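2 protein chains.
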Amino acid sequence: MPASFDHTPSRWEKRAEQTLTRTRIFDLHSTYYYHPVRGTGRDFYVMHSPDWVNVVALTPERRMVLVRQFRFGIDDFSIEIPGGVMDHPGEDAVAAGLRELREETGYAGANARLLGRVHPNPAIMSNRCHLVLVEQCKRIAGPAWDADEEIEVTLASVDEVYEWARTGRITHSLVLDALLLLAPVWEKMRQQDPPPAHVN
Amino acid sequence: MPASFDHTPSRWEKRAEQTLTRTRIFDLHSTYYYHPVRGTGRDFYVMHSPDWVNVVALTPERRMVLVRQFRFGIDDFSIEIPGGVMDHPGEDAVAAGLRELREETGYAGANARLLGRVHPNPAIMSNRCHLVLVEQCKRIAGPAWDADEEIEVTLASVDEVYEWARTGRITHSLVLDALLLLAPVWEKMRQQDPPPAHVN
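Those protein sequence lines, which keep their order, are chains D and A.
Position 152 of the first sequence, counted from 1, bears residue number 152 in our numbering, the numbering being contiguous throughout.
Position 198 of the second sequence, counted from 1, bears residue number 198 in our numbering, the numbering being contiguous throughout.
Derived by calculation from the structure, the hints in this document are not laboratory data.
Remember, it's a predicted structure, so these values are computed and weren't measured experimentally.
We treat Cβ as the ideally placed atom computed from N, Cα and C, and that holds for glycine.
Treat the hints with care, as some may be off.
[Unchecked claim] Not everything, but these chain A residues come out facing chain D in the computed CB check (under 7 Å):
1) F70
2) N111
3) E150
4) T171
[As the list claims (entries may be wrong)] Output of the computed footprint for chain A on chain D, the stretches with three or more beta carbons under 8 Å from beta carbons of chain A:
5) 67-74
6) 147-159
[Claimed, not checked] For the chain A half of the interface with chain D, some residues (derived, Cβ under 8 Å), not all of them:
7) T19
8) Y45
9) I124
10) K188
11) Q191
12) Q192
13) P194
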């Protein structure tokens, strides 16, 4: 650990757990944690959901595949990168990302790899979000939406996407995470192989 | 909107809302949404929480103030930037950030300003997270933790923090968002006024 001028916090001990609510997308648990030094404890709320995956999909012209859809949490539209929920705990994140990309946008690509993994909210959510990069993406089919999905697919240059993140046009925290982890990779890609001057 | 080759998604209409669970930190609602074109609708789950604020706090030596604490969501420790919950909807985000910085770490600073606002999760959460930058931060008091807080305060160089984000040592999505929005500001700060060669 880095140098510190404070004592080290204790690891709380999970003693009991009960499910308060089950929904299609997560279970809400009330979990009793005990502090071994303080000798006290209480219940904390934790949302348990499968891991999620979000995908940075680049076309041969180095444009990013974006999706725009109505989001019920904010009761408004949101511009994001494709993504979704892992099918099962053991599912490969890259495979899941390619599946979600195909289902939401009809795009498929090559050289798919993991950019990184983040925690959507370590305080109240137990799951992770896997961030995947796919290159050479082309639309090979129509989308295959879930019953409640209705998605507008959009292409934008990577520079445009970073500008939209800075100016608040893209606000989804996990999409911004993908852009942070993409930045050094994108810089290297641009140096090694500049985008073509004109679109094919 | 950017160019698109898809139809524009409809805006779903909120028709009814009920509270499934109330916790100290959020309420879970089941909200009935109606799709005006499809003529169908159903319930969606939305977590309603006050807005959050996270703070990038830099010392005169341009080191970032970090907090390490046990997080119940991931049942493990997490290295983050200071932050917390807004006291009330009308609270000024910068003032809230300075309050949380002071309470969690005992640090106060100058030239506090908003880096940006993000949505922690537009799909299932209604709230925003405000990201604040504070400079010239110094420890002026001891922390004033909430009953269940136990926080290790750490300083690290900004380069170290970005490295930890890239290598998965920092995984909190909202902390990574702050680093994305800080990047262009930090680049300008470094060009205009390079960090001192030695620490005061």
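Quick rundown of the hints versus the structure:
With 7 Å as the threshold, the beta carbon of F70/A comes within range of chain D, its nearest partner Cβ sitting at about 5 Å, so the hint holds. For N111/A, the interface hint is violated, the least distance from its beta-carbon to any beta-carbon of chain D being 19 Å, above 7 Å. With a cut of 7 Å, the hint placing E150/A at the interface with chain D holds, because the nearest CB-to-CB distance is about 4 Å. Because the smallest distance between the Cβ of T171/A and any Cβ of chain D comes to about 5 Å, under 7 Å, the interface hint for this residue holds.
Note: the region 67-74 of chain D has 7 residues with beta-carbon separation from chain A under 8 Å; the three-residue rule is met and the coverage holds. Given a C-beta distance limit of less than 8 Å, the hint that chain A covers the region 147-159 of chain D holds, as 8 residues qualify and 3 suffice. The interface hint given for T19/A is violated, since its Cβ lies 11 Å from the closest Cβ of chain D, which is over the 8 Å cut-off. Below 8 Å, beta-carbon pairs count as interface contacts, and Y45/A has one with chain D at about 5 Å; its hint therefore holds.
Using the Cβ-Cβ criterion of 8 Å, the hint placing I124/A at the interface with chain D is satisfied: the shortest such distance is roughly 5 Å. Restraint check, K188/A versus chain D: the minimum CB separation of about 13 Å is more than 8 Å; hint violated. The criterion of a C-beta within 8 Å of any C-beta in chain D is not met by Q191/A, whose closest approach is roughly 17 Å, and the hint is violated. Evaluation of the Q192/A hint against chain D yields a violated restraint, the C-beta minimum of about 19 Å exceeding 8 Å.
Among the interface hints, the one on P194/A is violated; its C-beta lies about 21 Å from the nearest C-beta in chain D, farther than the 8 Å criterion.
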